[in-house]
Amino acid sequence: MKRLAAAAALLGLAATVTACSGGSPTKSGSGGGGGLFTTIDVNRPGLDASAPANPYNPKGNSFPAFNSMKLGWVKNHLTDPNQALPGIAASWEVAPDNSAITLKLQPNAKWSDGQPVTAEDVKMSIGIAYTQGSTAFSVTPGAAGVASDVTVVDDKTLKITQEMANPSPKFVRGVLDTTVLPSHVWKDVLPANFWDTLKAARGDDAAAEKARADITALGQKVLTFAPPKDVSAGPFVLERVNPGEALLVKNKNFYNAANVAPAQVKFLNYTGNEQIWNYLTAGKLDQSGFIAAPTDVMNRIKQAPGNEVIKGYSPVAVSMAFNQSKKPYDNVHVRRGLAYLINRDEVTKVASPEGGTPAVTTSGIHQKAAQAWIPDTLPKLDPYKPDPAKAEAEFKQAGLTKKDGKWALADGTPWKVSMHAPSGFSDWLSAQENIKSQLVKNGIDAEVVTTTDYPLYLEELAAGKYDVGFWLMALGPAPYDIFQRLYGASNGWTNVAGKVTHAAPGKNGNWMGGPEEIEVDGAKINPGELTGKLNTATAEQAKPIMAQLATAANQDLPVIQLWDYVNNQFVNNTRFTGWPHDDEILRLGTGVLPAGVWIQLGMVKAKQ
Amino acid sequence: MSATVIPETSGGGLSTASAMRRNFWRGVWRVMRRKPSRLAGAVILVGFVFMAVFGPMFYPDNLPGDADAITRPPSWEHWFGTDPQGRDVLALVITGSRYVLLSAAVTALITVVFGTGLGLFSGFKRGRWDTVLMRVTDMKLTIPGLPLLLVLATVWKFGSPLQMGLVLGLLGWGGVARAVRAQTLSLRERGFIEAARGLGLSTGHIIGKELLPSMAPYIAMNMLIAVTGAVYAQVGLFFLGVLPYESNNWGVMLNLAVFQAGAMITPYALGYLLAPLLAILLLTLGIVLVVDAMDEIFNPRLREE
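Chains P and F supply the protein sequences, listed in that same order. Residue numbers for the first sequence follow this note's numbering, beginning at 328 and rising by one. Residue numbers for the second sequence follow this note's numbering, beginning at 8 and rising by one.
So that you can see chain P by itself, here it is in the shape it has in the complex:
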């Protein structure tokens, strides 16, 4: 699983990857359908033949954009989180103050059993989304950007209003990124009084508390619900699953069926990256999302007939994060010294040569997005080029002592940089191993320690058990999402109902333990409060704040940004063509398999 786990984590946290393509040799044209499209669901290793076709079930045989549809497919835009391609919603209008969105559904949308897709289906799907606590449909008190009302205007129109007490610029994204389910199949999952319960849940008394608990409890029922058969509004419908593969066939009732090229889609089973490498080197897959691969393997994949690797933007970066409650990491000069010692080019070359670009500096933002958000500030930041002399000066300023060529803490006790990573994340381990070598070479003792899996890693990290760990950051496109990774809950600041509060190190998940106020260019700022402002700021308002926060991150170094991820999409041109090369649609929302979107929009054509 190795790097796959890392990839999956990225997906879970931000956006995503994958999709399809493929097919056996057929004569079918772009419109007629025909041909088998072979792919994998890169987000979920291991097919479960007995799992239901339920998009909320963690093992469910529901493949987003293939046999499961969302209202829209949010794009991978550098700066605008609300851009999307049409899904079940053919178009939408957003009120100028972002207070409401009016959705117009696809006029010809039908479920695979012939029933029309209606506004009632969407309303029920929103109810289901509430039980899962999605971003726009959440019952958590004080959550930003949640819907206050869902109104069915007519059979194909809905209006969803935002709770303006605590609005978010991402409201539209939250709404569009909602899975649509058939109400005639799912009708019994939500009780008849659900919407009343929801209304009751918005209060702040004991009854509201109980209503919220009831809604959350429904979430479990949703996860386990098993429709008797797959009823899909997407371009495909699930035919059968066995442990080796899942077969989907074209949904004749899909509104754009005439432009769907493949007649069938096959998802191959895999348990680890090396299996996907095998599929790819054999030219079996028409498309696969990002998986990490060493350079030699990547070269072999590229050599397979018809294979092409499309590189795109991925709004994620990885960093080396410090627990500032632990000595000597509480001292900014130690962090800066380490930043001057670590050669990020070398780290990236060893750990993620194909899936990453060395970070140009620590700004908190992916270098591509930084160009768009803070083009004037970026060149002014310290790039922390490897410079052992500067590192030595910083360490000395921090009071560290060097004895027999080895650095020790100010009081003479030995210093060992203990870096942690989950054992499955081989690119992180590789990076830490390389950093260890670099540090040892410069007189700093270091070690790499693994944790069994990612959830345990995050748990222990949050519990403050590690000195240094790797941390995903720069999770765009929304400015708040980007900086809350550095100056959010993990560093003490929580944002409830638009009010930012700071918890002491070691409390409320504050494991980074940075100071509440830091000095930037001689002035004191509160980075958590600034980050909180981004949650309601417009793009233009956000820019100066982001510049300030990038400067703060650069000088304060709560983390050292190591590399910015690259989104590699693997496609094969032997059976299908028409693959997009546009960054914005190479990656489409969390868990979405982009090839399904490309296919349903008619971009992918069967090769003549």
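Quick caveat, the hints were computed from the structure, so don't treat them as lab data. Watch out, some of these pointers could steer you wrong.
Claimed, not checked - 25 Å max Cα-Cα, derived SDA-like pairs, lysine to any residue:
| no. | chain 1 | residue 1 | chain 2 | residue 2 |
| --- | --- | --- | --- | --- |
| 1 | P | LYS768 | F | GLU253 |
| 2 | P | LYS629 | F | VAL265 |
| 3 | P | LYS792 | F | THR161 |
| 4 | F | LYS164 | F | LEU153 |
| 5 | P | LYS712 | F | ASN69 |
| 6 | P | LYS733 | F | GLY166 |
| 7 | P | LYS653 | P | LEU799 |
These numbers were taken from a predicted model, which means no experiment stands behind them.
Please build the complex by placing chain F on the supplied structure of chain P, with the hints as guidance.
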């Protein structure tokens, strides 16, 4: 009677013992010469012990890597190529041998000491002790080792080879105990034990001087076989990634070769995969050959020939 006989016996025993020792070594040499492969086995084992004891001294604590030469195929400079950090694979195997072999040795020692002690005691005493100890052994044998180790690995980090060896040893003594008990039960009814008892010799003497030597070859072989078992078990655990990451551990190397370097896809990483595999294979071969030699050395019938 024994008061007069025993001093005489022990007095003459000294010269007999030294003569026997000479004969023994002569016998060993003869056995070794008969099949040169056995000599090769002994050389391999000595080589591994040398590698584990002195090998790491030839390398710096932190092996130098070259970021421009990651996962390279075998060459004159790097006999087994380089790993994904650009380090020499052979150096990794050599520096990693200490942990693997030390923990295997500890495992073997614990398995044999514990298993033999318990088996002898149980078989010789019989009765209630036997019943209790053997039920304990049965229970121990029903515990599946690998799943237990997987669970243990989540709470215990096995950072030191002694810890690893201790756990593997404590998991592995059941089989030896059962077999030794069976042997003891059979031997204790033999004439020479009856005679020893008749002479009024102490239990310690009977067990130490009469029973144990008869079982020595069996125990020694078990010990060597336990070494291979321990190597497989810990390499397997490291391969599965449940034990702490140590880049020169053979199991970690196998894991990284397959899952990180793509040894199944690209021939460049083959050296990285083969080096630890070859080391394990060679160690097993050495042990098998030495066990073969031991079989003959300790078999009195063959010794007399």
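Query - Given pair status - LEU153/F, LYS164/F, alpha carbons within 25 Å - result: holds (15 Å)
Query raised in the report: Regarding the pair LYS629/P and VAL265/F, is the alpha-carbon distance no greater than 25 Å?
Result: Status holds; Cα separation ~20 Å.
Query raised in the report: CA of LYS733/P to CA of GLY166/F, is that 25 Å or under?
Result: This hinted pair holds, its Cα atoms lying about 24 Å apart.
Query raised in the report: Is LYS653/P close enough to LEU799/P, meaning Cα to Cα at most 25 Å?
Result: holds (21 Å)
Query raised in the report: Regarding the pair LYS792/P and THR161/F, is the alpha-carbon distance no greater than 25 Å?
Result: holds (15 Å)
Query - 25 Å Cα cutoff - pair LYS768/P, GLU253/F - result: Given that 25 Å is the threshold and the Cα spacing comes to 18 Å, the pair holds.
Requested in this report: Sort out whether ASN69/F lies within 25 Å of LYS712/P, counting only the CA atoms.
Outcome: Holds - the C-alpha atoms of ASN69/F and LYS712/P are around 24 Å apart, at most 25 Å.
The structure shown violates none of the earlier numbered hints.
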